[in-house]
Structure formats: structure tokens, C-alpha cells
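Visitor: Let the sequences and hints guide you as you build the complete structure.
Number of protein chains: 2
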Amino acid sequence: MTTADSVLAQLGSMEADAQSRWLDWLRIPSVSAQPAHDADCRRAAEWACAQLREVGFSARLVETRRHPVVLAHFSGAGEGGTPHPGPHLLYYGHYDVQPPEPLELWNSPPFDPNIVQGANGPQVVARGAVDDKGQTAMWLAAFRAWHAAAGALPLPITVVIEGEEEIGSPNLDDFLRAHAAELAADAAVISDTSMWDVETPAICTSLRGLVYMQVDLQAASRDLHSGHFGGSALNPLNALSHALGQLHDEAGRVTLPGFYDGVAEVPAERRAGWESLHFSEADFLGEIGLSVPAGERDRDGLERVWARPTADINGMWGGYAGDGAKTVIPAKAGAKVSFRLVPGQDPARVADSFRDFMQARVPADAKLSFRVFGCSPGMAVPTDSALVAAGRQALEAEYGKPAVLIGGGGSLPVVESFRRILGLDTLLMGFGLEDDRIHSPNEKFDVVCFWHGTRSHVRLLAALAGG
Amino acid sequence: MTTADSVLAQLGSMEADAQSRWLDWLRIPSVSAQPAHDADCRRAAEWACAQLREVGFSARLVETRRHPVVLAHFSGAGEGGTPHPGPHLLYYGHYDVQPPEPLELWNSPPFDPNIVQGANGPQVVARGAVDDKGQTAMWLAAFRAWHAAAGALPLPITVVIEGEEEIGSPNLDDFLRAHAAELAADAAVISDTSMWDVETPAICTSLRGLVYMQVDLQAASRDLHSGHFGGSALNPLNALSHALGQLHDEAGRVTLPGFYDGVAEVPAERRAGWESLHFSEADFLGEIGLSVPAGERDRDGLERVWARPTADINGMWGGYAGDGAKTVIPAKAGAKVSFRLVPGQDPARVADSFRDFMQARVPADAKLSFRVFGCSPGMAVPTDSALVAAGRQALEAEYGKPAVLIGGGGSLPVVESFRRILGLDTLLMGFGLEDDRIHSPNEKFDVVCFWHGTRSHVRLLAALAGG
Chain A
1 MTTADSVLAQ
11 LGSMEADAQS
21 RWLDWLRIPS
31 VSAQPAHDAD
41 CRRAAEWACA
51 QLREVGFSAR
61 LVETRRHPVV
71 LAHFSGAGEG
81 GTPHPGPHLL
91 YYGHYDVQPP
101 EPLELWNSPP
111 FDPNIVQGAN
121 GPQVVARGAV
131 DDKGQTAMWL
141 AAFRAWHAAA
151 GALPLPITVV
161 IEGEEEIGSP
171 NLDDFLRAHA
181 AELAADAAVI
191 SDTSMWDVET
201 PAICTSLRGL
211 VYMQVDLQAA
221 SRDLHSGHFG
231 GSALNPLNAL
241 SHALGQLHDE
251 AGRVTLPGFY
261 DGVAEVPAER
271 RAGWESLHFS
281 EADFLGEIGL
291 SVPAGERDRD
301 GLERVWARPT
311 ADINGMWGGY
321 AGDGAKTVIP
331 AKAGAKVSFR
341 LVPGQDPARV
351 ADSFRDFMQA
361 RVPADAKLSF
371 RVFGCSPGMA
381 VPTDSALVAA
391 GRQALEAEYG
401 KPAVLIGGGG
411 SLPVVESFRR
421 ILGLDTLLMG
431 FGLEDDRIHS
441 PNEKFDVVCF
451 WHGTRSHVRL
461 LAALAGG
Chain B
468 MTTADSVLAQ
478 LGSMEADAQS
488 RWLDWLRIPS
498 VSAQPAHDAD
508 CRRAAEWACA
518 QLREVGFSAR
528 LVETRRHPVV
538 LAHFSGAGEG
548 GTPHPGPHLL
558 YYGHYDVQPP
568 EPLELWNSPP
578 FDPNIVQGAN
588 GPQVVARGAV
598 DDKGQTAMWL
608 AAFRAWHAAA
618 GALPLPITVV
628 IEGEEEIGSP
638 NLDDFLRAHA
648 AELAADAAVI
658 SDTSMWDVET
668 PAICTSLRGL
678 VYMQVDLQAA
688 SRDLHSGHFG
698 GSALNPLNAL
708 SHALGQLHDE
718 AGRVTLPGFY
728 DGVAEVPAER
738 RAGWESLHFS
748 EADFLGEIGL
758 SVPAGERDRD
768 GLERVWARPT
778 ADINGMWGGY
788 AGDGAKTVIP
798 AKAGAKVSFR
808 LVPGQDPARV
818 ADSFRDFMQA
828 RVPADAKLSF
838 RVFGCSPGMA
848 VPTDSALVAA
858 GRQALEAEYG
868 KPAVLIGGGG
878 SLPVVESFRR
888 ILGLDTLLMG
898 FGLEDDRIHS
908 PNEKFDVVCF
918 WHGTRSHVRL
928 LAALAGG
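Chains A and B, in that order, give the protein sequences. Just so we're aligned, residue 1 is where the first sequence starts under our numbering, counting upward by one. Just so we're aligned, residue 468 is where the second sequence starts under our numbering, counting upward by one.
Hints are computed from structural coordinates only; laboratory data are not their basis. All values reported here derive from a predicted model rather than from experimental measurement. Backbone N, C-alpha and C define an ideal beta-carbon position, used for all residues, glycine too. Mixed in with the good hints, there may be bad ones.
Said to hold, decoys possible - Derived EDC-like pairs (lysine to aspartate or glutamate); straight-line CA-CA distance at most 20 angstroms: (1) A:367 - B:754; (2) B:834 - A:287; (3) B:868 - B:521; (4) A:401 - A:275; (5) A:367 - A:352; (6) A:401 - A:199.
To be verified - Chain B side only, calculated, beta carbon under 8 angstroms to chain A, not exhaustive: (7) 694; (8) 695; (9) 701; (10) 733; (11) 757; (12) 767; (13) 786; (14) 795; (15) 800; (16) 869; (17) 871; (18) 872; (19) 904; (20) 907.
To be verified - So these bits of chain B aren't anywhere near chain A, every CB distance computed over 10 angstroms: (21) 469; (22) 475; (23) 584; (24) 646; (25) 702; (26) 766; (27) 788; (28) 797; (29) 820; (30) 852; (31) 860; (32) 892.
Guide: In C-alpha cells, the structure reads:
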């Protein structure tokens, strides 16, 4: 039987090739939020299909209402023609990326990957360098190494790479339901989270959910002169600020009625695990130029981002934003507002509560409209499964130290969808670092993380295959 | 002596020529706020210089730190070589216009004047159609008619046409002080206000002042992922909304400490005059699609826009405003905020109070910076002067009904500057209508207003010259 060591040896000769493939993928500007990039999204999907076919998968694009899903299978028999003894895995990644704006803050073009020297050696700077093309390219490289060393993967594997993760996966659940039989597997594997630090591997066992909404406020039928109408005509920016400005109380708590319903306190055991990590919120904030935690006053650092729900205005617009002065009362204004949720909160109720909250706080003349771009609950995965055990085994072998169990502040709605629709638990084994600037200008992924991640995926397959 | 009637007869043959000149001026996109239009501003100034020279003025451009001022004199002797017996007038207008954005809401290009049929006959649609090129073109046409009919103007006249009115006239006071001797006159005349309605001429005797500021809030050193940092990192849009959302209390009053210091109640006599106008705030708001007054609850309709100070957010920005969702906590956000002031309020104190107000309401990590784009007090002019009497005489002769004395909600800082620096009272005799959409897309000026206004200026000169 092929061992992890022989595949890792093979991988050693494939480094330049794997990095070159990763960078090729980054050159495709697959920005799912922007219709101008629809064709690029499709190109990025086709690129992944081709990669999978080269290592023995049957792969195809499945259309959705927006961007296609890459769906691929490797189900070949095991060595000697006998069925694979190990579990059937469902690997998930996403080929779409966040919009790169504001472009002027990038040190190099976002879709022209640039290799620069960082604290941990070379790093690749590009939109999607880590999230999630980089992390997906790791396991594609691991598959290629197994294919080259053993002629086949050691387990049956299904691959789903979607193109709408950054816009809230609006069509993923329909896709999963429509293909549930074809997607039958024993467990899911995702690399879209972070390590604890560059030397300490981590498995993420909880993530926050996300309700992401846009609110538009229409006031007068046209823009108005603030002198002729000021004091009489409704100003939509005044009204929107007045309402959104009440989203938090002086203690930093979110004021939506019912928002904290179902939110549990962190169990003592989980809290003890976090305390052993010696997290410094001062360092965490210092790295981004801040010093005072902005969230709930009476909570701890990791608790605020891993176990407490939040409300954030992600964008706001209206009126004149150019040079100098324009004395206008705009006809309309708008904002993007999102809520990170923890297990126990009902996303639909939070969305309803936000609508009611806004409606109750704007004047009668204000016409509000809402759009929902994401609505997923917080999630937690069991920590005592064979899957997590295999992940820990692979990571400890690779890094020479135990993996830590962490939470995550971000959202991966797919994990909850896999559980609900397919009945699958997910192993979240990610290799990003906190300073990767995902969703920001100059997103990067350290090459050392990419390599350890790729090798860890080789080891994970071996561990689950009984190697 | 040349009479108003003979000049008006002459004017009758010059209609096409006058309208053509007005439209030529409108084709020059003299947007003072936008540096890309600096050369256009200068072209618009040179255009006015040329017009004035053609009717006997000595005219030149006077440089400022930004856009030049047109300064012109007509000081020729009166008929028969004797000095003019009447007063020396200072006419003021401005050749700069508001930015035309948002361009997509215009029915025709803003700098390609379009003549359409409206309720009062033809109207010219263009940026600056009325404010203030249109209203300035009226008295330029009146001068031309006098020149054609009588060979000269009936009074000594100085003209100032500035190019920075829409950006708060930052260099006007310096200009007035530097040229105070050259600007010596007996009274000022400005057409930059509105009529009561299309049949009822008006003289404006009070205007609100303006403090216009930009506030920028810097939080983290870069844009952040709202999942990884939400609940810990300061969100500048949350903070800005929270602070700006407190600018008004539930009764619609502005909450800046000291804001209402010095604000007087409207005298009974003035209030009685307003009541005779039978103003309907329901109609005023209905025309723009609104129904509920947004300002101070316990004030009347005209009082709100003519005699009460306000606070308006004129623009706000930050984060993601594109299609779909982006889960970002932006590094920074900003807003343009302005205050309309009434006599008795100190603009500098209001600006200071706003700075303190914001600083007191944002978290310690928020770095605020402020810029001031306008800082002028409210003003009122005497209503019992010979100047106002001449204006009323000219308007009543033209319209066949008495002019009404109105207030204005907008700001003309120049009126206060003329009083303070040159010791001059100003006659505000304007011909705009409330539905002219100034500062908005599809700004227009009714041709019938342009003609009555031009004829009224012919009559005003005759009245002040003793004709």
C-alpha cells in the first residue's frame, strides 16, 4: 500500500508545478458579486474541472441561476481491484473571490499574483491568494501527488467547488438538494479557515452564521437643495444614520429585539481550551492599528469574535461624496448591514427583527426596501469524531506539535447546509493566517502555509485510508 | 431722458439674441467644486467679461487662489455730460454651478441646454439654467437693452461675478477687502433668489447662513473581514452613524450644545406677513413626493425653512456599495454635514460645537478629521430702504401686482460680506421658482421668468435713475 511518505516524496518534485497552477488560477478575476465578471467566474470553474480530470476525476459544471458549480467524482476501485476500505469524502472549496476594490490600495494588481518576501518567507499577493483558491489549490495539489505516486487516490472522493460563496451561496442549498444522492459521502473536508499561528495547526470547530442585508431608503422624488428644503423635507441620510446609529447600546450590545434569544454562554471546558491559547486582544488589534475592543464591553477577546453575535454596517452611501461642498438633500440613501450569528440564533428571525427595527425608527415618509444576500445560522461540529481524530493525526505529523481546536468568527454557511441537507459533518482544516488580509487589499498567502497545507492533505488521505 | 418704456421696446427686438447668449453660457461646464473643470470656470468668466465689454464696461478677471472674479465698471458720465444723479449700484452674480451628478438622472445632458414645454410655457433645462447664470444673464440682457436704446446705462454700475459661490465663496471676502475702494457703491443688487409663485414677484429680506463641513473617520489601518474582526475591531460606519444619528432629538431639534443660542423667535409683524401668503406645506412637500414635515415638530411651514436652523447630512460614504455582498469592515468612512443658520447664530461656534459633538461620541480609537467648506451667518436686510422701494416699484409695474417680502432658506454669504466689508445693503430681487430643481438633476428656468426678470431689471435701473 502507498504510504504518506512515498506521496510526500513525490510531492517534493512537484513544487514548481503546483505553485504555477495555483498562480494560474489566481489570474482569473472570478469576482462573483460583479456581473461584469460572470465570464471570468465560468473560466475559473472550467480551470478547476480540467485540473480534476487530469488526476482521474470525472468532472463537470452544473449550472445554477448564477455561477456554475464544479462537481467531480473519483470513485475508482482500490488497489488490486477491491473497493476502497476508507470513508467516502466530500471536498468543498470555492473558486469565486471578493471584489478587489478599493484598487488604489493594492501594491500590485490584484489579479497579477506577486511574490514578495514576508516574515515567514515568500508569500503570494493576489485576490483569492488564500480565500479560497489558495486553500483549494492545496488539496488539488495533494490529489495530483497521490495520482502521480500511486496512480490513484486512496479513497473515493467527491468534489464540489462553488462560485457563489462570497455572495452568500444563494443557490448552493438548491444544488445540494437536487444532487443529494450523487453527493452521498461519509464526511466533508474544507480548507477555508485559519491556523492558530504559523507554527500551530488548528481545526476549527465552530463558526458564526451570517445575515447580510441591504437597506434602501427613498425619501423625496428627487435630490433637493438643502437651503430651500432643509428643515421641512425628509433627509434619507439623517434618517438612515438615526436608525442604524441605534444598532448598539452604550455597552456595545446589539439592540435588535430578540437578538440574543438562544445565545448560550461559552461552556467552561471550551473557555478553558481558549485560555490555554494565551490570546492577546491587544496584539490582535495592534496589528491593525487599533487598541480598544469595539464590541460588547463585558466579554473576552476570543469570545467576542468566536462566540458572540455582532452587527456591522459593511457599506453606506447617499448624497455627494466628491470634492468640496454640494448642498444637497439626496432623494435616497442606502446601507449594507450584516449580523454574525452564533448557534441558537435563528437567521430568519434576525432578518425580520432588523426590518422591524428600521421601520420603527424612520419617519412615516421614508420608504424602506430590503434585500437579503445571506441568511445562515452559526454552527458547531462535534470534536470527538474519527474525522477530527484523523485531522489531528495528520496535522501533528506534519507540524510536530498538536493541533489546537479553535472557533472562527467568519461564516461558512455550507457547513450548516452539509449537515442539514446531506447529513454530513465537516472537518475544517485551514491554513490561513490572521494577517492574510482576506477581503482586503493585498490579500496574501504564505508559501510555507501552502506547502504544509498541501502535505497535511496528503497525510489526511493516508490517515483516513488507514495508512 | 430715456424711459423704461423705450428700453423695453428695444428689448422686445432682442429676445432671440438674449436667449442665445444665455444658452451659450450654459454650455460651459463651470463646476467650481471639481478641479477637472478649472479651465471651464475660467472660460465662463471670460465669456462674462466679453459680454460686459460689449455694452460699455471696462472688465477684467481678478485672480484668486482658485477661480477668478469678473470685475467690471461702467462709470461714464450721464446724459449731456453731467454726472449721473442716481445711486452707484454693485451688481453681483456667480458664473459657477453645482456638480451635475448623478448624471443618470438627467433627461438631457446637463451642459447641452434643452428647451422643453412646461406648465408656464417653454423652459430651459441645464445645470446653471437659473442658478445663477440664468439670473445673471437677465441683468446682462437688461444692460444690453439700455446700451442699445440709450447708448449708455443710466447709472454708474460695478459688476462682480464670482466663480466660487457653490463652494462657499472661500476667497470672496479677501477679494472684497483687497478691492474695497474700487468697489465703493451705494447699494448692491442680486438676482439669485425666487419669486413667491410664477405670477407673484418677491423681494427676499432674509437668508440662512451655512456651515458646511466634512468629517472623516479613520479606524483600522486597512479594510478588515467582518467575520474575523467583527465584535472586536472598530467599525467606522457603525461609529459615524452612531454619532451623526444623534444630531436630532425626537422633536426634530438639533442637539449640538449651544446650537440655538441667539436664535430669536419670529417677530409678530413678520409672521403676519407670512400668514398672508397662505403657504401650504402639504403642497410644498407634495410636489416632491413627501407628506410629513421632517424638521422641528413645533414650528410652522415657512418658519422651518426661513427662520429656523437645521442640520443635514449631505453625503456619506464608506465600505462596499457595489452589487451583492462584501463582508468588509472598512478602514474609514466619511460624511459631509451642513448646518443652515439664522441671524444670531455664530457660524464658528457651530463648527466648533460640531467637532466637539463628534469627538464626544466616537470611540477612543476613532481618528476624526474635519474640513470646513463654508462658514457664513444668517442675514436680514432692512425692508424700509429706498432700494427696496425701487425694487417694489419695478416689480409692481412689471407684474401688475405688488411684490411680497419673503425669506429664503438658502444662503448667500455674499450679502453678509457686502454689509460687513463694504457697508452695503443688498436688494435681493430674484425670479426663480420653487420647482426649478436647482442643485438637482434637470435644473430648469422658465423662459417667462427670464423675460419678466430681464424687464424688471430694465425698470429697476429706470426707477433708481429717477425715470
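Visitor: Determine for every hint whether it applies to the structure shown.
Guide: We went through each hint and held it up to the structure:
Only pairs whose Cα atoms come within 20 angstroms are accepted, and residue 367 of chain A paired with residue 754 of chain B is accepted, the gap being roughly 17 angstroms. Simply put, residue 834 of chain B and residue 287 of chain A have alpha-carbon atoms about 17 angstroms apart, close enough for the 20 angstroms limit, and the pair holds. The suggested pairing of residue 868 of chain B with residue 521 of chain B is violated, with an alpha-carbon distance near 34 angstroms, which exceeds 20 angstroms. Distance restraint check for residue 401 of chain A and residue 275 of chain A: the Cα-Cα separation of roughly 18 angstroms lies within the 20 angstroms cut-off, and the hinted pair is therefore satisfied.
Taking the CA atoms of residue 367 of chain A and residue 352 of chain A, the gap is about 17 angstroms. The hint holds against a cut of 20 angstroms. In summary, the hint linking residue 401 of chain A to residue 199 of chain A is supported, as the alpha carbons are separated by about 9 angstroms, within the 20 angstroms threshold. For residue 694 of chain B, the interface hint holds, since its Cβ comes within 8 angstroms of a Cβ in chain A; the closest pair sits about 3 angstroms apart. For residue 695 of chain B, the interface hint holds, since its Cβ comes within 8 angstroms of a Cβ in chain A; the closest pair sits about 5 angstroms apart.
About 4 angstroms separates the beta-carbon of residue 701 of chain B from the nearest beta-carbon of chain A, less than 8 angstroms, and the hint is met. For residue 733 of chain B, the suggested interface contact is broken, since its CB lies about 13 angstroms from the closest CB of chain A, more than 8 angstroms. Interface restraint check: residue 757 of chain B against chain A, minimum CB-CB distance 5 angstroms, threshold 8 angstroms, status holds. This hint is violated: residue 767 of chain B has a C-beta 10 angstroms from the nearest C-beta of chain A, more than the 8 angstroms allowed.
The interface hint given for residue 786 of chain B is met, as the beta carbon of that residue sits about 3 angstroms from the closest beta carbon of chain A, less than 8 angstroms. A least Cβ separation of about 5 angstroms between residue 795 of chain B and chain A falls short of the 8 angstroms threshold, and the interface hint therefore holds. With its C-beta approaching chain A no nearer than about 7 angstroms, residue 800 of chain B sits inside the 8 angstroms limit, and its interface hint holds. Hint on residue 869 of chain B is violated. Least Cβ distance to chain A is approximately 23 angstroms, over the 8 angstroms limit.
For residue 871 of chain B, the interface hint is violated, since its Cβ never comes within 8 angstroms of a Cβ in chain A; the closest pair sits about 17 angstroms apart. For residue 872 of chain B, the interface hint is violated, since its Cβ never comes within 8 angstroms of a Cβ in chain A; the closest pair sits about 18 angstroms apart. Look at residue 904 of chain B: its Cβ gets to within about 7 angstroms of chain A, closer than 8 angstroms, so that hint holds up. Because the beta carbon of residue 907 of chain B sits about 4 angstroms from the nearest beta carbon in chain A, less than 8 angstroms, this interface hint is met.
For residue 469 of chain B, the requirement that its beta carbon stay farther than 10 angstroms from each beta carbon of chain A is met, with the minimum near 38 angstroms. No beta-carbon of chain A comes within 10 angstroms of the beta-carbon of residue 475 of chain B; the shortest separation is about 31 angstroms. Non-interface call for residue 584 of chain B relative to chain A: holds, since the shortest CB-CB distance, roughly 19 angstroms, exceeds 10 angstroms. At the 10 angstroms boundary, the C-beta of residue 646 of chain B stays outside the reach of chain A, the nearest C-beta of that chain being 25 angstroms off.
The beta carbon of residue 702 of chain B sits about 5 angstroms from the closest Cβ of chain A, which is not more than 10 angstroms, so the claim that it is off the interface is violated. The claim that residue 766 of chain B lies off the interface is violated: its Cβ sits roughly 8 angstroms from the closest Cβ of chain A, which falls inside the 10 angstroms cut-off. Distance check on residue 788 of chain B: its Cβ comes as close as 4 angstroms (rounded) to a Cβ of chain A, failing to clear the 10 angstroms threshold; non-interface status is violated. The beta carbon of residue 797 of chain B sits about 8 angstroms from the closest Cβ of chain A, which is not more than 10 angstroms, so the claim that it is off the interface is violated.
Its beta-carbon lying about 17 angstroms from the closest one in chain A, residue 820 of chain B satisfies the requirement of being farther than 10 angstroms from that chain. With a minimum CB-CB distance of about 24 angstroms to chain A, residue 852 of chain B clears the 10 angstroms threshold, and the non-interface call stands. Residue placement check: residue 860 of chain B keeps its beta carbon more than 10 angstroms from all beta carbons of chain A (closest about 27 angstroms). With a closest Cβ-Cβ approach of about 21 angstroms to chain A, residue 892 of chain B is found to remain outside the 10 angstroms limit, as its non-interface label requires.
When held up to the earlier numbered hints, the structure conflicts with 3, 10, 12, 16, 17, 18, 25, 26, 27, 28 and fits the remainder.
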